[in-house]
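S.K.: The primary structure of each chain is shown beneath.
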Amino acid sequence: MNTAVRPIHSGQAPTDPVVAPDPHVLRAVLSNAAYFRYWRACAAMGPVFLAAFLICWGALGHNIPPIPADHTAAQMGEFFRTHYNEVRAGMAGAMLFGVLYLPWTLSITKVMEWINPRENNIVTTLQMWGGGLTVVPLVTSSVFWLTGSYRPDVLSDITLQMLYDQGWLLIDMFYAITTIPMVAIGVAGLADQRARPLFPRWACWYSIWAGISFLFELLMPFFKSGLFARQGWLNFWVEFLVWFIYILVITYYVFKAIPRLEQERAALLSKA
Amino acid sequence: MNDVAQAQGSESAAPIIRSGQVPGVLVFIIADMIVFCMLFVGFMTERMGQTALFDQSAATLDVRMGVFNTLILVTSGLCVVLAVHAAHAGRREATRRWLLVSFLIGAGFGVTKLLEYSAKIELGITMHTNDFYMFYYALTGAHFLHFIGGMIALAVLWFMVGREPLDGRLAGLVESGALYWHMVDLLWIFIFPMLYLLGPR
Numbered sequence: 001m002n003t004a005v006r007p008i009h010s011g012q013a014p015t016d017p018v019v020a021p022d023p024h025v026l027r028a029v030l031s032n033a034a035y036f037r038y039w040r041a042c043a044a045m046g047p048v049f050l051a052a053f054l055i056c057w058g059a060l061g062h063n064i065p066p067i068p069a070d071h072t073a074a075q076m077g078e079f080f081r082t083h084y085n086e087v088r089a090g091m092a093g094a095m096l097f098g099v100l101y102l103p104w105t106l107s108i109t110k111v112m113e114w115i116n117p118r119e120n121n122i123v124t125t126l127q128m129w130g131g132g133l134t135v136v137p138l139v140t141s142s143v144f145w146l147t148g149s150y151r152p153d154v155l156s157d158i159t160l161q162m163l164y165d166q167g168w169l170l171i172d173m174f175y176a177i178t179t180i181p182m183v184a185i186g187v188a189g190l191a192d193q194r195a196r197p198l199f200p201r202w203a204c205w206y207s208i209w210a211g212i213s214f215l216f217e218l219l220m221p222f223f224k225s226g227l228f229a230r231q232g233w234l235n236f237w238v239e240f241l242v243w244f245i246y247i248l249v250i251t252y253y254v255f256k257a258i259p260r261l262e263q264e265r266a267a268l269l270s271k272a
Numbered sequence: 001m002n003d004v005a006q007a008q009g010s011e012s013a014a015p016i017i018r019s020g021q022v023p024g025v026l027v028f029i030i031a032d033m034i035v036f037c038m039l040f041v042g043f044m045t046e047r048m049g050q051t052a053l054f055d056q057s058a059a060t061l062d063v064r065m066g067v068f069n070t071l072i073l074v075t076s077g078l079c080v081v082l083a084v085h086a087a088h089a090g091r092r093e094a095t096r097r098w099l100l101v102s103f104l105i106g107a108g109f110g111v112t113k114l115l116e117y118s119a120k121i122e123l124g125i126t127m128h129t130n131d132f133y134m135f136y137y138a139l140t141g142a143h144f145l146h147f148i149g150g151m152i153a154l155a156v157l158w159f160m161v162g163r164e165p166l167d168g169r170l171a172g173l174v175e176s177g178a179l180y181w182h183m184v185d186l187l188w189i190f191i192f193p194m195l196y197l198l199g200p201r
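Chains as they are written, first to last, in the numbering used here: chain A, 1 to 272; chain B, 1 to 201.
Okay, derived cross-link-like pairs now, BS3-like style, lysine-lysine, Cα gap no bigger than 30 Å in a straight line:
#	chain 1	residue 1	chain 2	residue 2
1	A	LYS271	A	LYS256
2	A	LYS224	B	LYS120
3	A	LYS224	B	LYS113
Simulated from the structure, these hints should not be mistaken for lab results.
Predicted model, so just to flag it, every value in this text is computed and none were measured.
Between the sequences and the hints, there should be enough to build the whole structure, so can you do that?
M.R.: What follows is the structure, encoded as structure tokens:
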């Protein structure tokens, strides 16, 4: 908590003004080296996640592009019975590397804490929770595809089709949990009062736009072909590309922000 | 303090400089326009393959309603330009007044679109009727969501101008909101002829 409030006994009004302590980011308890330890490692998890996810979920899992929603159950059954080992390996990898989205999110949170350290941390907290919870659809959707590849020889075509659909419906339709941190980063970044903000304004607006652009996924359950279907050029190629670019852009500016914050904090420590 | 006095005050004080918010919001607008352009290309490509169906479906749309909506958005856009001018001149009351007028005129677009949607749905016309109506609902629906966002932005700016000092930062925000509102106009100016006017009637 940011505020330490003196206990108020019943029937007795506080006489002293409530004094909010400095936010923890400004406390000079830790040396700079200790304070910034692991920040870069966490930030690097973003590109690592992206590369691994593209290989495991995308290439091995045959999700780039996805199997079209208008394919028949028999075609889906044939896919699983032919490629079950690749899908198993891909989804196991996706579940392993998918969680790297969490440390990457935390590195952004740490930078955001410095944007306006004397204001409340609602937006920063939303970013942390939203980014952290993004792991859920990434990992859970992989379970459905993994289940399909686990016993494809005994599962019916319809069941395999349902599992594949369920995986895609989850990863596409849970977009809003990813929209929250994207909008939060943009909103917080735009409030940065520095002459040269930690996240440049164009990156903030891109982040907000990218998060909101996921709204097109709302139409995904209504179509099995065309631009709004899961394999459609808009709801797959554009939306996923927009998300991948967002990851790279934000990672770049987190790496640019860390040395600047080290200097800012060092200056604060020298004054203390 | 009246508008004139505020303007005089602003002239004697440091001039309101444009903040860095305007170039930033252009990224949002350009990215949005790129996606809409892709949708327009998608529409035209589909249209080339099903010209008769698209012409026949387009003929069922009410052109007068489309023209009326165009006039609403352009007029509302003009008012928001006047709000930006007032904001950069430091005239608080005029800025609020033009933002309010822009909002009220713009609200007419929402009313007519909802009437148009309800008329189509009553006739059983949905996104699944044919590819033309898929694009009709997708394009106008996505545009409508942008319109709602613009209305919220105008309302928020109206409150902010009433409560905060009209400095360069706030004037920059008003200009950013105005740019967004113009994007809503501009998108409609493409959507209207593509959906309502293309093909023989």
